[in-house]
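Peer 1: The listed protein sequences derive, respectively, from chains X and C. For the first sequence, this note's numbering gives the first residue as 13, with consecutive numbering after it. For the second sequence, this note's numbering gives the first residue as 2, with consecutive numbering after it.
I should point out that these hints are in silico values taken from the structure, not numbers from a laboratory. Predicted model, so just to flag it, every value in this text is computed and none were measured. Heads up, the beta-carbon is just placed ideally off N, CA and C, and yes, glycines get one too. One or more hints might be untrue.
[Unchecked claim] Residues from chain C shown here face chain X by an in silico Cβ test under 7 angstroms; the list is partial: (1) 133; (2) 181; (3) 182; (4) 183; (5) 184; (6) 188.
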Amino acid sequence: MSAGSVLLEVDGLTVHHGQLCAVREVSLSVRVGETYAIIGANGAGKSTLLRTIAGLHRATSGRVVLDGADLTHARPDARLAAGIALVPEGRRLFPSLTVEENLQVGAYRARKGPFDVARVYELFDWMVSRRRQRASQLSGGEQQAVAIGRALVANPRVLLLDELSLGLAPVVVQRIYALLPELTASGVTVLLVEQDVGQATRVATHVQCLLEGSTTLMGVPGDLTRTQIEAAYFGVSHDEGAER
Amino acid sequence: MSWLNAIIQGILTGGFYALFACGLSLLFGVMGIINLAHGDLAVIAGYVAVLLIPETHVPVVWSFVVVVPIFAVGGYILQRTLLQASLDRDPFTTLLVTFGLSVVAENALLEAFSSNGQSLNIGSLIAHSFNPTTSISLSYFSLTVLGVAVVVLGALQLFLSRSGTGRLIRAVADDKEAAQLVGVNYRHIFGIAAAIAFATVALAGIASGMYTEFAPTSGPANLLFAFESVVIGGIGSLWGTLVGGIVLGVAQQIGAQINPAYQVLAGHIVFLAVLAVRPRGLFGLRTSS
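Chain X extracted, bound-state conformation:
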């Protein structure tokens, strides 16, 4: 598949949590090699969108298509095998397993590709000396790194990253985001969700803003003004704000 062709396509996706409509008619297409960022405030439906793409929530309507294959009704494990890996919010490592075991479980249904446990140890060299430690004994930033490694060893075509920065010190967040270009260079396409707009616009090639479940803005970070983003993020246009 050549760079620039559409890899992941989400088409008119609507997701409900019981009565609540969390994601409303959201569409996006992520092209090979892109770093696509979904931004939005708390409760905008960003995480629900990613979790639905990964198969953890059932879509009310709409489609999820990976490289032409319709995965809308596939189970999460089948989606992983197809090439969609999610690094969930809050890391969600297996706490009683060691660092190495977490990575080994991640490789359980790995596709062919550049990443394996040894390659992850190259990316994060501190892990080698701590590979026999339980995941629950690591700091938040270290756990985030293991969670990324656990997703990478499956050799996903699209890596979904849910709120990497949540609960981490800014310097740790910087270090983790600094890794993204290297992943992209290895052929991984990234779709990430981020509350921190500054962080997202720095790394992303494409930004889409959600507000109360609907898309309010999409575009290339360089083309969007701060005012536009703020308006889409908070749902108030600047004129309205001035009148009040």
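Please arrange chain C on chain X, whose structure you already have, making use of the hints.
Peer 2: Below, chain C without anything else, positioned relative to chain X:
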């Protein structure tokens, strides 16, 4: 000397209890299922042996070779169908379903086999014992059961900690949603865990059927002792289960030594004491964080 004998007999009984308990512990540890039909499964295993052994011409001593695989397959199927369907609803439904299974099993057995006791007759093998002194008697059969319990628990521990499938079982027990995200079909892993649990309880049921009588209504007593062993030892710890079984067995034998009427009571008192002093059990190290 009879006190020493009581302790030794208690340790031997503990082997039975541990064998009964490890499947219960596994089902709870991996899937969060409290299997109220666990004791009845052991009884069913006994009846399956009674039914099948005359057909297969396998010596009764080796009946577990036939029954254990049947139970493993049955465990997998039951988990993938009824138990999974109840787990998909909520834990309370699961509890009710296993309770229902217990009632159904008991009554079906009563209907089919009457309430008369049965046993698996292995002839004189049961009677052989080793007598280091006149007041101490070590039954070879009970020693074998204790040995089997140690081997089964050890093999299970090794399987869980070293094998790839064991690693997946632990991962699913930790967080089944995260396991799905790394491509694990947790329902299949649950099925494997249930297969192991059913296989061990079949082994326990057959051992118990050889040693003593069983009847359709023996299930709840089996369940109670298995449950007490798990709680005394600590949920989630396999070796703890062995120790729990032995503690329960010794308590009962010492109680019986004081007064035969106190046998079961003494076990319950120790169980309650452990629950009061160490609610996580003797080896329950795993915290819920």
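Peer 1: Hey, does the residue 184 of chain C contact hint survive, CB to chain X under 7 angstroms?
Peer 2: holds, 3 angstroms
Peer 1: For the hint on residue 181 of chain C, just tell me whether its beta-carbon gets within less than 7 angstroms of chain X.
Peer 2: Cβ of residue 181 of chain C sits 4 angstroms from chain X, so the hint holds.
Peer 1: Under 7 angstroms, Cβ to Cβ, is where residue 188 of chain C needs to be relative to chain X, so tell me if that hint holds or is violated.
Peer 2: violated, 9 angstroms
Peer 1: For the hint on residue 182 of chain C, does the least C-beta distance to chain X fall short of 7 angstroms?
Peer 2: Hint on residue 182 of chain C: holds, closest Cβ of chain X at ~5 angstroms, below 7 angstroms.
Peer 1: Quick check on residue 133 of chain C please, does its C-beta sit within 7 angstroms of some C-beta on chain X?
Peer 2: violated, 43 angstroms
Peer 1: Mind checking the CB of residue 183 of chain C against every CB in chain X and telling me if the closest is under 7 angstroms?
Peer 2: holds, 5 angstroms
Checked against the numbered hints given earlier, this structure breaks hints 1 and 6; the rest are met.
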